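K.L.:
So you can see what is in the structure, the chains are spelled out below.
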Amino acid sequence: MLTKKQKGINWILTVILLVLSLFFLFPVVWMLANSFKPDAAITADMNTVAAFIPPVPGGGFLDNYLSILTNTNFLRYMANTLFYAAVLIVCGIVVNGLAGYALAKIHFPFRERWVLLILLLQIVPMETILTIHFLMIAKVGLLNTVVGYILPMIVNPFNIFLFRQVFLNLPDDVYEAAQLDYCSPLKYFFTMVLPMSKTVVATVSVFTFLNVWNDYLWPSLVFTSGNLLTAQIGLNSITSNENTTMGQTLAVITMVTIPVIIIYSLFSKQIVEGVTSTGSKEG
Amino acid sequence: MSFMEFKNICKKYENAERNSVTDFNLTIEEKEFIAFVGPSGCGKSTTLRMVAGFEEITSGDLYIDGKRVNDMAPRDRGIAMVFQNYALYPHMTVEKNIGYGLRNMKVPEAEVQKKVDWAIRILGLEEFRTRKPKNLSGGQRQRVALGRAIVKNQKLFLMDEPLSNLDAKLRVSMRNEISKLHRELGTTTIYVTHDQVEAMTMADRIVIMKDGVIQQAGAPMELYEHPVNKFVAGFIGSPQMNFYPVTIHGKELRFRDGSMILLPDEVTARLQGRNAELIM
Numbered sequence: 001m002l003t004k005k006q007k008g009i010n011w012i013l014t015v016i017l018l019v020l021s022l023f024f025l026f027p028v029v030w031m032l033a034n035s036f037k038p039d040a041a042i043t044a045d046m047n048t049v050a051a052f053i054p055p056v057p058g059g060g061f062l063d064n065y066l067s068i069l070t071n072t073n074f075l076r077y078m079a080n081t082l083f084y085a086a087v088l089i090v091c092g093i094v095v096n097g098l099a100g101y102a103l104a105k106i107h108f109p110f111r112e113r114w115v116l117l118i119l120l121l122q123i124v125p126m127e128t129i130l131t132i133h134f135l136m137i138a139k140v141g142l143l144n145t146v147v148g149y150i151l152p153m154i155v156n157p158f159n160i161f162l163f164r165q166v167f168l169n170l171p172d173d174v175y176e177a178a179q180l181d182y183c184s185p186l187k188y189f190f191t192m193v194l195p196m197s198k199t200v201v202a203t204v205s206v207f208t209f210l211n212v213w214n215d216y217l218w219p220s221l222v223f224t225s226g227n228l229l230t231a232q233i234g235l236n237s238i239t240s241n242e243n244t245t246m247g248q249t250l251a252v253i254t255m256v257t258i259p260v261i262i263i264y265s266l267f268s269k270q271i272v273e274g275v276t277s278t279g280s281k282e283g
Numbered sequence: 001m002s003f004m005e006f007k008n009i010c011k012k013y014e015n016a017e018r019n020s021v022t023d024f025n026l027t028i029e030e031k032e033f034i035a036f037v038g039p040s041g042c043g044k045s046t047t048l049r050m051v052a053g054f055e056e057i058t059s060g061d062l063y064i065d066g067k068r069v070n071d072m073a074p075r076d077r078g079i080a081m082v083f084q085n086y087a088l089y090p091h092m093t094v095e096k097n098i099g100y101g102l103r104n105m106k107v108p109e110a111e112v113q114k115k116v117d118w119a120i121r122i123l124g125l126e127e128f129r130t131r132k133p134k135n136l137s138g139g140q141r142q143r144v145a146l147g148r149a150i151v152k153n154q155k156l157f158l159m160d161e162p163l164s165n166l167d168a169k170l171r172v173s174m175r176n177e178i179s180k181l182h183r184e185l186g187t188t189t190i191y192v193t194h195d196q197v198e199a200m201t202m203a204d205r206i207v208i209m210k211d212g213v214i215q216q217a218g219a220p221m222e223l224y225e226h227p228v229n230k231f232v233a234g235f236i237g238s239p240q241m242n243f244y245p246v247t248i249h250g251k252e253l254r255f256r257d258g259s260m261i262l263l264p265d266e267v268t269a270r271l272q273g274r275n276a277e278l279i280m
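Protein chains in written order, with the working numbering: chain A, 1 to 283; chain B, 1 to 280.
None of these hints come from the bench; they were simulated from the model. These numbers come from a predicted model, not from an experiment. Keep in mind that the hints are not guaranteed to be accurate.
DSS-like mimics (lysine-lysine), calculated; alpha carbons at most 27 angstroms apart, straight line [claimed, not checked]:
no., chain 1, residue 1, chain 2, residue 2
1, A, K198, B, K132
2, A, K105, B, K96
3, A, K269, B, K134
4, B, K12, A, K105
5, B, K115, B, K132
6, A, K187, B, K7
7, B, K132, A, K269
8, B, K31, B, K7
9, B, K134, A, K198
Pulled from the structure, derived: some chain A residues nowhere near chain B, Cβ distances all over 12 angstroms [claimed, not checked]:
no., residue
10, I16
11, D63
12, T128
13, V140
14, Y182
15, K187
16, V272
Only part of the chain A face toward chain B is listed, based on derived beta-carbon distances under 7 angstroms [said to hold, decoys possible]:
no., residue
17, Q179
18, D181
19, P195
20, M196
From the three backbone atoms N, C-alpha and C, an ideal C-beta is built for every residue, glycine too.
Based on the provided sequences and hints, a complete structural model is requested.
P.N.:
Written out as structure tokens, the structure is:
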């Protein structure tokens, strides 16, 4: 039971947090409101409260969005990114999940050292790894290909560690029971281990999606062809075009931001669990 | 040849100083219900796990139905097992849990359904068939585990302290259910327990173990009436036996405090005038 004093402190903290969250919310609301306006209205509302208020839906309300979707390849870039994310989620769960399972449940020499080595990989700067990836992909002639983009991104030490931590707690007798039920080790992994670890599968999926969606550096190194570009690169090429208006720029930024906001609000539980179970955050 | 033969089975874990199981020799006939009993750490569960194939046999030979199974994978040994913690598949319903093994054995779906229905009926699980394990009580979960074992028509059932997680009342009723199931199916069963009442009431024969060594194997009443050593005598029977050091001279039995009783003639004859530590 909270005392009167504690309740008071809670109220004050809530108000402070609300005010602070407004600071973070302002740019998003401003972006959303102005993405529906023509440039003249954006400039006119700039220094007034009206800058945070969207126009009344009517003629021309969705013009900025429609012109982006019809005049540029942005829809294609978004579809590309969704496709890459889907492939990387599936491949990542299989590869990192199997590695995590081996490190958690299979006894082999120097197992703990392997775990340590995988953890150490996390402190290597991303740029160093990307350079090596780039050189390798270029050497095997996979630049500007989907495989060249996806292959180096499948293995993720953070996800391996996340899987391992969860799999450590799986009961061994379920595996023994499955063995007597004629279940092969691989079938056990797919039909038992993954369904029994739905939360970590969801966490890894969310992190992978956010990684792919927000990634700029790696796709900008691998892709040169317009057809294969991701949403972030598309966003950059559209916004850096002189002919793009302010309203269109805001519309395209909104389209890139909304999936992230949706994912964060739908899967906040999984993201928090991912962060708390390992003490680090990625994505 | 007997249905099952343990020949000088030994188990020594890596880095362990001594054997967990030493020179385990036993034969089990078809349809027998055998209980392995003993205090914690006596090697009974290790022996059962060696039968299942989850632990390697360090030395000795194990035969099931005439075949040496030392190097055989668990799935090929023709066994079904009921685990202490049930080991149900948490994301599957009762009927899927029971039918999972059959489906993996590629049994036709109609047959699977028939067998699952039979197991569900025989175990009284009709109203829970679509529930998942987390929505079942301990007793219901144990029944599902039993169902999973019985549908596969295996030659041998292994039960590793299956009732130890249940409350006292439920344990008695489940004990009866398992005995009834054994009578109906007639499958050879090895039952591991530390509860001597379970062993005495359910088993055809009991194997009492201590420190990885068989102390005595025999019918429950044989063990009760004629224990071969003090450990067996003290382990079997409820309430437990008391042990008093006494001195015997002829018919006179004298306690440390000086009090004395006279022994019946038949007991005197068996003691043959020895000074002894006598079990009271």
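K.L.:
Compare the structure with each hint and give your call.
P.N.:
Hint check:
no. : hint             : in the structure
1   : A/K198 to B/K132 : holds (15 angstroms)
2   : A/K105 to B/K96  : holds (25 angstroms)
3   : A/K269 to B/K134 : holds (22 angstroms)
4   : B/K12 to A/K105  : holds (22 angstroms)
5   : B/K115 to B/K132 : holds (19 angstroms)
6   : A/K187 to B/K7   : violated (35 angstroms)
7   : B/K132 to A/K269 : holds (23 angstroms)
8   : B/K31 to B/K7    : holds (20 angstroms)
9   : B/K134 to A/K198 : holds (15 angstroms)
10  : I16              : holds (40 angstroms)
11  : D63              : holds (49 angstroms)
12  : T128             : holds (40 angstroms)
13  : V140             : holds (40 angstroms)
14  : Y182             : violated (4 angstroms)
15  : K187             : violated (8 angstroms)
16  : V272             : holds (23 angstroms)
17  : Q179             : holds (5 angstroms)
18  : D181             : holds (4 angstroms)
19  : P195             : holds (4 angstroms)
20  : M196             : holds (6 angstroms)
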